[in-house]
Every structure is written in structure tokens, then in C-alpha cells.
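Chemist: Here our numbering is used: the first residue of the sequence shown is -15, the next is one more, and so on.
Just to be clear, a hint being listed does not mean it is correct.
[Stated by the list, open to error] When the alpha-carbon atoms are kept at most 30 Å apart in a straight line, the in silico DSBU-like pairs for lysine-lysine are as follows:
#1 12 <-> 41
#2 41 <-> 55
#3 76 <-> 86
#4 12 <-> -11
#5 41 <-> 11
#6 23 <-> 55
#7 41 <-> 86
#8 75 <-> 86
#9 35 <-> 23
#10 23 <-> 41
[What the hints assert, rightly or not] Just the calculated beta-carbon pair ranges, DEER-fashion:
#11 86 <-> 3: 27 to 35 Å
#12 65 <-> -6: 32 to 40 Å
#13 28 <-> 77: 44 to 52 Å
#14 9 <-> 55: 35 to 43 Å
#15 82 <-> -6: 48 to 56 Å
#16 -1 <-> 19: 21 to 29 Å
#17 42 <-> 87: 54 to 62 Å
#18 49 <-> 3: 43 to 51 Å
#19 60 <-> 35: 23 to 31 Å
#20 56 <-> 85: 31 to 39 Å
Since the hints were derived computationally from the structure, they do not count as laboratory data.
Predicted model, so just to flag it, every value in this text is computed and none were measured.
Glycine included, each C-beta is placed from N, C-alpha and C at the ideal position.
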Amino acid sequence: MINRKGALVIISMEVIIVSIISFFIYKKNHSFSINPILKNYISLQANPNLKFYYEPKPNQQIIERPSWSNKSVIHYINNNSLSELTNYPTKKDPNYRQRLVKL
């Protein structure tokens, strides 16, 4: 079990390492980019056990234009809140059977 002094040493070493890495990144690129997750693109679940869990809202197309790039990024969210172009049927065809065989 790590005592309080050991935990303080580990945390301060992590802060120093992250500061050094951040300095080198800033020196190389001269900028930082923060890309937040906007609330109008997500839905928060009302489950008390999953306090910080969120899912993307269904049926949307998110277009992002980051400041550090000249290109735009398009995210497609389908009916089931999956990051897919196509919508998948939720009910299976009763005549369709798929079997997995493990050898």
C-alpha cells in the first residue's frame, strides 16, 4: 500500500512530466487545440449508476472544422446512436438464421 508521502511524490512526478511534454508540444506547434464535446450533440442518460455516461443523439450528422486543420470532419450517427452510415434493422427476420460453429 502506498502511503501519503509516496502518493504525493508520484502525483508531483506526473505533473512535472506532463508539464515537460506540454512544453515540447507547444514549442513544436506553437498552439494547443481543445476540442470539447458539445451538449447539443449528446444525450445524458438518467441512470444513477452511470452518472457521467453519455451517448450521441440519434439521426444526426456532425460536421467539425478544427482550427488546426484545413479539412472538415463529418461524423454520421444512425438510428441506434452508432457511428455508422447505415441504419440496421432492430427486428430480425424469422426466416434468417445464422449459426456459429467453433472447431
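Chemist: I'd like to know which numbered hints this structure contradicts. Please list them from smallest to largest.
Modeler: 1, 4, 5, 7, 11, 13, 14, 17, 18 and 20
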